[in-house]
Each structure stands twice: as C-alpha cells, then as structure tokens.
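Asks: Sequence:
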Amino acid sequence: MRKVLAIIRREFVERVRTKWFWVGTVLGPLLMIGIIGFQILLSTKKGGERHIAIVDGTTTEFGRRLVTQLGTAVSRFHMRRVTPNPRTDSLLLDEVEAKQLDGFLLVGDSTLDFGVAEYRGSNVSSVVDMEELQGALRRLIFAARLERHGIDTLLVKQAQIPIHLATNKLSGRKLTGVSGGQSFGVGFGMAIILFVAILMYGVNVMSSVVEEKSTRVVEVLVSSLRPFQLMVGKVVGAGAVGLVQLAVWLGSAKLLTGVRWRPADAAGGMGFQFPSIPTATLLVFVVYFLLGYFLYAAIYAAVGAMSSTEAEARQAQVPVQLLMMIPYISFFALLNDPNSSLAVW
14 MRKVLAIIRR EFVERVRTKW FWVGTVLGPL LMIGIIGFQI LLSTKKGGER HIAIVDGTTT
74 EFGRRLVTQL GTAVSRFHMR RVTPNPRTDS LLLDEVEAKQ LDGFLLVGDS TLDFGVAEYR
134 GSNVSSVVDM EELQGALRRL IFAARLERHG IDTLLVKQAQ IPIHLATNKL SGRKLTGVSG
194 GQSFGVGFGM AIILFVAILM YGVNVMSSVV EEKSTRVVEV LVSSLRPFQL MVGKVVGAGA
254 VGLVQLAVWL GSAKLLTGVR WRPADAAGGM GFQFPSIPTA TLLVFVVYFL LGYFLYAAIY
314 AAVGAMSSTE AEARQAQVPV QLLMMIPYIS FFALLNDPNS SLAVW
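The numbering of the sequence shown is our numbering, which starts it at 14 and goes up by one.
Simulated from the structure, these hints should not be mistaken for lab results.
One or more hints might be untrue.
With a cut-off of at most 30 Å between alpha-carbon atoms, the simulated DSSO-like pairs for lysine-lysine come out as follows [said to hold, decoys possible]:
# : residue 1 : residue 2
1 : K226      : K32
2 : K16       : K32
3 : K182      : K267
Start from the sequences, fold in the hints, and give me the full structure.
Replies: Take a look at the structure:
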C-alpha cells in the first residue's frame, strides 16, 4: 500500500508543481466567463446596413407596399423597387459583384398567393438578416390576405396576444427558481467539462506510461512493485490532479451563482444571470467524473502499455476517442429527455 501511495504522490506532485497546471486552472474559469460574455455581446450586436433591391413582378401594389414596409420596419435595410425587364438580372448581378448591392428579392403574384419568394445575395448565411427579411414578408402577406377577405387587420392584431411561458424546475415538492434555459445550459456546460476533463487526463496517463517505457524507468518500478499497483498509482495520481482542477472550476461556478451581467445597451432587465447550481448537483458531477475517469484512464493506460512511442500511442488511442464520442453525440438527446431509456440505461 505504501508503494502505491508513493506512486500516487509522485504523479500528483509532478503535475501540480508545473506552472502550466496553475495557468490552466486559473485561466479555465476566466476563459469560460469570457466566452459567455463574448456570446452575449455578439447576440446584442445588430448587423450593419443592407442595400436590397426588390424585383417587383406583381400585378398589384404588393411590391410597392413591400418596399415601404421593409424600409420602415428594419431601419438598416435600404430598399429600392425595380421593375423587371430582360436585362434586370444581369444589371443587378453586376451591382452585387461591385459591392453596390447586398442582394435582390424576387417577388411576384405567387408570393401573395402561396408565400413563395426568392432572395439572391452575396451573403445568405446571415440568420439575423434572413429572419428579419422573412418576418417582414410574412407580416405583409398576412395583412394583404386579411384585406383581400375584408377582415379588419387592426382587430386581428389586437386579438393576437403574445404568450410568455415561464418555466421553473421542481426538486421534489420545492421550486428551485431555475428556468428551462438555465437548466439546459448547466447540463450542457457540465457535459462539455466532463468530456474534456476525462479525455485530457486520460491522455496524460497514457503519455506518462509511454514516457516511462521509453526511458526504461518502468523496468525499475516494476522490479519493486506489481504492474497493477503501478497502474493504480498512475490513474489515482492523475485523477487527484483532475479533482483539484475541477474543485477550483466548480468553486468558481458556485461563487458566480446569481451574478447578473447586463450589457450597457441592453434594455430593461435583459442580460445574463449565472444559473444557480445546487451543491448536490456538483457532488453528483464529481462522482460521474470519477467513474468516467477511472474507466477511460485504465483504458488509456492499457493503450500506453501496448505502445512503444508517442506516435504509436496517438494512433492506438483513436478507437478510445471514438468510443468517447458516443456519449458526446448523445448530449442533446439526453438533455432534452433526461428520463428516457437512453439516459437511464
């Protein structure tokens, strides 16, 4: 037992004394906070101005009204109406290529009858732009169809009451105050941390085994203790390092509970509040880390024992990484239905 403890102490101290361990431990939470803040900043930032031409192929006033509505509904959209002719496409394509126009929207009688329209532009991957353009089209078509049937548009708008569904997670018979979005975010964040931590420390165990084999240190160690004791010492030692790092990260997350960040240009109470993480959840997370780590660290140690060089070990670990990808791919299915047979069994 003393020999195993000596190996554990050696593996733990050897890793903890390195400056990169402390750099990673301290920068981990800061990087996580920075990523969250950057995502919030990007989500509140609006796109730039867009110059769009509307090719009006309708036989009614629909095209003119569309230009007016898009110009007023989305202030950053600068619209102009174009009457189609044989050279319209060629001229508009030249303007798009010359960066004078972002794109052009093709509308016709089928747009009002069947909701069919086409946008051609240099950037069609902007979700915000396409949603705003599609939303303006939807509202205008909706209003035009109501007017066609003699229905008061204002009356219909008043009848459309926006619904806000508040979610509150139950724990036993008590309300936790955690919303659905927060619950999903906590689960997803913990799953990512679990995956990265197990993979990182499992690879560390494998690299340590390969290094000692290549330097002949393992021959000296095996002469004084059994191979199983050596494996236990390495796995537990590296796992203890992982626990220290996780303790710092989870402690930081616990301290951030309830902290609210609101950008300067956010309206009202809009912003981000770090979700509350129950202590029991953190303890369960640590248990799952230990179970997953011991399983994969033992497999990685076996891979290192079968490999003679680092290059050979990297090739041999591919099946193990593919095995770890199975729960990673299942993240969203498990988070959407944590009580399903896939999650339980």
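Asks: Against the earlier hints, flag every one the structure doesn't satisfy and list their numbers going up.
Replies: none
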